[in-house]
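Undergrad: Using the sequences and the hints, build the whole thing.
Keeping their order, the protein sequence lines are chains X and E. The opening residue of the first sequence carries number 897 in the numbering used here; numbering runs sequentially from there. The opening residue of the second sequence carries number 897 in the numbering used here; numbering runs sequentially from there.
Read the hints as simulated data drawn from the structure, not as lab findings. Glycine is no exception: its CB is placed at the ideal position from the N, C-alpha and C atoms. Any given hint might turn out to be false.
With the Cβ distance kept under 8 Å, some of the chain E side facing chain X (calculated, not the full set) [claimed, not checked]: (1) GLU902; (2) LEU905; (3) GLY906; (4) VAL908; (5) ALA909; (6) CYS912; (7) THR913; (8) PRO919; (9) MET937; (10) ILE940; (11) LEU943; (12) THR954; (13) LEU979; (14) LYS983.
2 protein chains.
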Amino acid sequence: MEFGWEQILGLVAGICTTIAVIPQIHRSYKTKKVNDVSPGMFSILLLGVLLWVVYGFTQNDLPIIATNGISLGLNSFMLYLMLKYGKN
Amino acid sequence: MEFGWEQILGLVAGICTTIAVIPQIHRSYKTKKVNDVSPGMFSILLLGVLLWVVYGFTQNDLPIIATNGISLGLNSFMLYLMLKYGKN
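TA: In structure tokens form, the structure reads like this:
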């Protein structure tokens with residue numbers, strides 16, 4: 897596998913889509929309010945990244961397993977905050 | 897390229913992570929409230945999927961281009977709703 901600017905591009909893309917939820921976690925943790933956040937979004941997202949992790953294992957693809965494994969942890973924590981602070 | 901249950905698994909995973917934002921768009925559009933939603937999340941997400949699309953073109957990878965292209969459209973619309981309804 898070559899490692900050039902294209903791979904760096906893909907890596908930065910993966911880092912962005914993986915860490916994007918962190919500002920949302922920070923906001924929800926700080927304000928303790930999640931009324932405008934959709935539980936459906938994080939439920940579907942969690943199912944999606946879980947399936948990505950399983951898919952990654954079937955393909956022995958470490959980048960897919962690693963990035964989606966981190967997403968799985970972050971999104972699980974976000975869903976926990978939603979259950980903790982949510983009224984509906 | 898073979899097409900078996902593993903590919904279907906990857907496809908379902910991709911559909912989930914692509915459409916997850918739709919319930920959030922629906923909620924924000926309906927309530928016109930986005931106070932608890934993080935602009936940082938959708939900004940980083942938008943940058944990420946944009947970079948994924950560019951990466952997809954460098955690899956001539958249609959699934960990456962297609963799924964992230966749809967995400968780009970959906971997340972752009974969500975960010976538009978945030979600018980429209982957001983107070984901060």
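Undergrad: Indicate, hint by hint, whether the structure satisfies it.
TA: Checked hints:
Because the smallest distance between the Cβ of GLU902 (chain E) and any Cβ of chain X comes to about 5 Å, under 8 Å, the interface hint for this residue holds. Residue-level restraint check for LEU905 (chain E) holds (minimum Cβ-Cβ distance to chain X is 5 Å; threshold 8 Å). Hint on GLY906 (chain E) holds. Least Cβ distance to chain X is approximately 4 Å, under the 8 Å limit. Taking 8 Å as the C-beta contact cut-off toward chain X, the hint placing VAL908 (chain E) at the interface holds, the least distance being around 6 Å.
Contact between ALA909 (chain E) and chain X, as hinted, is supported at the beta carbon level, the nearest pair being about 4 Å apart and thus within 8 Å. With a least beta-carbon distance of about 3 Å to chain X, the hint placing CYS912 (chain E) at the interface is held under the 8 Å criterion. For THR913 (chain E), the suggested interface contact is upheld, since its CB lies about 4 Å from the closest CB of chain X, less than 8 Å. The interface hint given for PRO919 (chain E) holds, since its Cβ lies 3 Å from the closest Cβ of chain X, which is under the 8 Å cut-off.
Using the Cβ-Cβ criterion of 8 Å, the hint placing MET937 (chain E) at the interface with chain X is satisfied: the shortest such distance is roughly 4 Å. The criterion of a C-beta within 8 Å of any C-beta in chain X is met by ILE940 (chain E), whose closest approach is roughly 4 Å, and the hint holds. About 5 Å separates the beta-carbon of LEU943 (chain E) from the nearest beta-carbon of chain X, less than 8 Å, and the hint is met. Contact between THR954 (chain E) and chain X, as hinted, is supported at the beta carbon level, the nearest pair being about 5 Å apart and thus within 8 Å.
Given the 8 Å rule on beta carbons, the hint for LEU979 (chain E) is violated: about 15 Å separates it from the nearest Cβ of chain X. Checking LYS983 (chain E) against chain X: minimum C-beta separation of about 11 Å lies over 8 Å; hint violated.
Hint violations for this structure: numbers 13, 14, all remaining hints satisfied.
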